[in-house]
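Number of protein chains: 2
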Amino acid sequence: MSDPRAAVPAVPVLAARAAELDAADELASCRKLFALEPDAVYLDGNSLGALPRNVPERVQDVITRQWGELRIRSWDESGWWTAPERIGDRIAPLVGAGQGRIVVGDSTSVNVFKALMGAVRLLDPADPARDEIVVDATTFPTDGYIARSVARMTGMPLVPVDPAELPGSLGPRTAVVLVNHVDFRTGRLHDLPGLTAAVHEAGGLAVWDLCHSAGALPVGLDEHGVDLAVGCTYKFLNGGPGSPAFLYVAERHQERFDSPLPGWNSHADPFAMAQDFTAAEGAVRGRVGTPDILSMLALEAALDVWDGVSIDAVRAKSLALTDFFLECVTAYAPADRVSSTTPAAHAERGSQVALRCAEAPAVMAALIERGVVGDLRRPDVLRFGFTPLYVGFADAERAARTLGEVLREIPAAG
Amino acid sequence: MSDPRAAVPAVPVLAARAAELDAADELASCRKLFALEPDAVYLDGNSLGALPRNVPERVQDVITRQWGELRIRSWDESGWWTAPERIGDRIAPLVGAGQGRIVVGDSTSVNVFKALMGAVRLLDPADPARDEIVVDATTFPTDGYIARSVARMTGMPLVPVDPAELPGSLGPRTAVVLVNHVDFRTGRLHDLPGLTAAVHEAGGLAVWDLCHSAGALPVGLDEHGVDLAVGCTYKFLNGGPGSPAFLYVAERHQERFDSPLPGWNSHADPFAMAQDFTAAEGAVRGRVGTPDILSMLALEAALDVWDGVSIDAVRAKSLALTDFFLECVTAYAPADRVSSTTPAAHAERGSQVALRCAEAPAVMAALIERGVVGDLRRPDVLRFGFTPLYVGFADAERAARTLGEVLREIPAAG
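Quick mapping for you: the protein sequence lines, in order, are chains G and U. Take the first sequence: its letter number 252 is residue 1469 in this note's numbering, and every next letter is one higher. Take the second sequence: its letter number 353 is residue 1570 in this note's numbering, and every next letter is one higher.
Same shape as in the complex, but just chain G (with noise of 0.2 Å):
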């Protein structure tokens, strides 16, 4: 009898197939931008990106030259002061924005409370039966405490409701939606233009938490009329743990744009230290305080790693990647062991795979121990971000063949 423990054979066909899909691969040259080992197997990209190799040579400068050097003169000599609007213009394109519509700083969270409250400001006061706040009962949880803070500080009802129910739960209550365009459990994409359009038909704003979307996929925010939206920097996009987030007003609001949050920075002009609030003109005005200049430009030397990258081809690599993984499961997992909770039609997934393991906590841990990292959603989910910049085919063959090797070892529970 063959010992179970035996690493598990690559299927040659597989290991070929690999092969020629990494050869093929435009965005291959990209793993080297990052500070990623040769037989790293990196899949948890979509929690915490990889380091793109430029930044730590970036932010010495940011703190030997700039702070330690020109202190209080970098506010104004090495673009400080303007770094929160310059960042988001970088990240616009790979969204579908415009240039000066999106600002960077502060959490998600925190952005979530401007975005979900700046969108309450923007509703018709003529409209008051117009007031129940919608929210995606899927989403990552901070969104829905956010959202239940707002509603609860505004006295209009929360309305929790799953993506796949929201067009026939929207009507003339309607007022403001927030959607995450990517589930983080399942992995499944949800239709932003169809669901935004839907919301509009109902007369209600669409707010989005692209977290899971930004640098994964193209969002297209101006093409499909998206209200507000908020998103995530050190996942795909690769800014280090916890960098700032993003806010994206429409052009169409930035006029009416109401800070829940107006700090100073948001101010027309901050150093008139002037008592009265004068809200500062476009994506500036989404500001508060004094930006974390060192995560800041840590995010903006990650986004060099964009230089001259498709959103479309990512995309398109994204899908092959997370095709190809999956029928790698289905060739070295055991059927009755994992099952895949990411939808398998393209215009469904997002870049990631769930599956569904009763032993996941083992297994994941057995995973990383042998160098290919995914992560544990409590209690039985295996989550494998595919981040098409530094991810290839082989990594996606190994992983697979891996997890069949591990889910051999670790008895099935029950």
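Worth flagging that the hints you see were computed from the coordinates, not collected in a lab. This one's a predicted model, so the numbers in the text were calculated from it and none came from an experiment. Quick reminder that beta carbons are idealized off the backbone N, C-alpha and C, glycines included. Do not take every clue at face value.
As the list claims (entries may be wrong) - So the derived label-pair ranges between C-beta atoms look like this: (1) Pro1310/U with Gly1313/G: 31 to 39 Å; (2) Gly1420/U with Asp1341/G: 36 to 44 Å; (3) Pro1551/U with Glu1294/G: 49 to 57 Å; (4) Glu1565/G with Asp1524/U: 51 to 59 Å; (5) Arg1473/G with Glu1294/U: 40 to 48 Å; (6) Asp1521/U with Arg1573/G: 40 to 48 Å; (7) Arg1473/G with Ala1354/U: 25 to 33 Å; (8) Asp1521/G with Arg1282/U: 19 to 27 Å; (9) Gly1420/U with Gly1313/G: 52 to 60 Å; (10) His1563/U with Ala1582/G: 58 to 66 Å; (11) Gly1385/U with Pro1310/G: 38 to 46 Å; (12) Glu1243/U with Gln1316/G: 33 to 41 Å; (13) Lys1249/G with Asp1278/U: 18 to 26 Å; (14) Asp1493/U with Asp1540/G: 31 to 39 Å.
Said to hold, decoys possible - Partial list, computed: chain U residues near chain G (C-beta under 7 Å): (15) Ile1289; (16) Ser1324; (17) Pro1342; (18) Ala1537.
Said to hold, decoys possible - Under the rule of at most 20 Å between Cα atoms (straight-line distance), these lysine to any residue pairs were calculated in the SDA-like manner: (19) Lys1249/G with Glu1286/U; (20) Lys1249/U with Lys1249/G; (21) Lys1249/U with Arg1275/U; (22) Lys1249/U with Thr1281/G; (23) Lys1249/G with Arg1282/U.
Guided by the hints, dock chain U onto chain G, whose structure is given.
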């Protein structure tokens, strides 16, 4: 006739006094912990603290090893997840707070929002007539803007009051009072123990902004019964440009503290990813979203300079420095050109000197040109911050002497 542009010679007695005071200064050895050229006279540490020498190497390790190699594992293995409360505990002794009462994260403005809205929610609901939010009319503008936003959201009246008139304006309608510990323009130190007691006497809650006192003088948050407080870490705490701010909630209020920004990081079990929000216990409840780790850990490294430093010694040196600087200004600067708006009484003085000067913009530009870096607050205030860890008495003498020189060169307006 002597050339008015010739350098002003040092007054021998002042130069000698400076040398004596520096020789006797127990904190003099701290300067070598900072990246400062030997001849730098940096009097803007009340705006952006100088770079502690240990920060670049620490941040490099955070980027290249913790992020670059350990990647996602660093959230646990490198202590990223617990950094906000761990660093809060490092700041606590500097402001007289016990352990577990301070959390670091977000900007000062965002923390003012948490503190004010949190204070409103601590009020006795059986006393709805207690409805006034009183705000220091001289405070740094962002505090006033955010206070107005809280007043708008809660429907409570906002009452701006000069701190000097505060005791007389308190009464049965006083709900929450937000005061800045040190006036950012004049450097006036407000009476935190006395005003806090007066607010309590009136039945209200006292919220203090410590941006210009944390790291400059003893605050005694616990001792004086302050209810909530916020503070900045990039001034006297040298955390770096835009480093995260902090929030203090008195122990007696922690259990009822009800954050208006209940992000997933303030959940009792964040990784349960539960739809329902259950607030964490203690200081963690003040967290919101994912912390900005690069800025946060730069701050943590920067706090090393405080090891073994007594805040009482810092205060004693600060007062001696500002006394001596004012004495030197009197000796070197034409009396009709500048006038101090910083109180002469020690009990009313923070750690900066503010001089009114009709030609302030040109004068400050010329000072900076000659290596004496202070800053300007429009239209006519020259600000000189004295950070006892790296500013010495010879620096104070040189700054005053250079000011005298510059004033002789720049014609008096009008």
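Hint numbers not upheld by this structure, sorted from lowest to highest: 1, 3, 11, 12, 17, 18, 20
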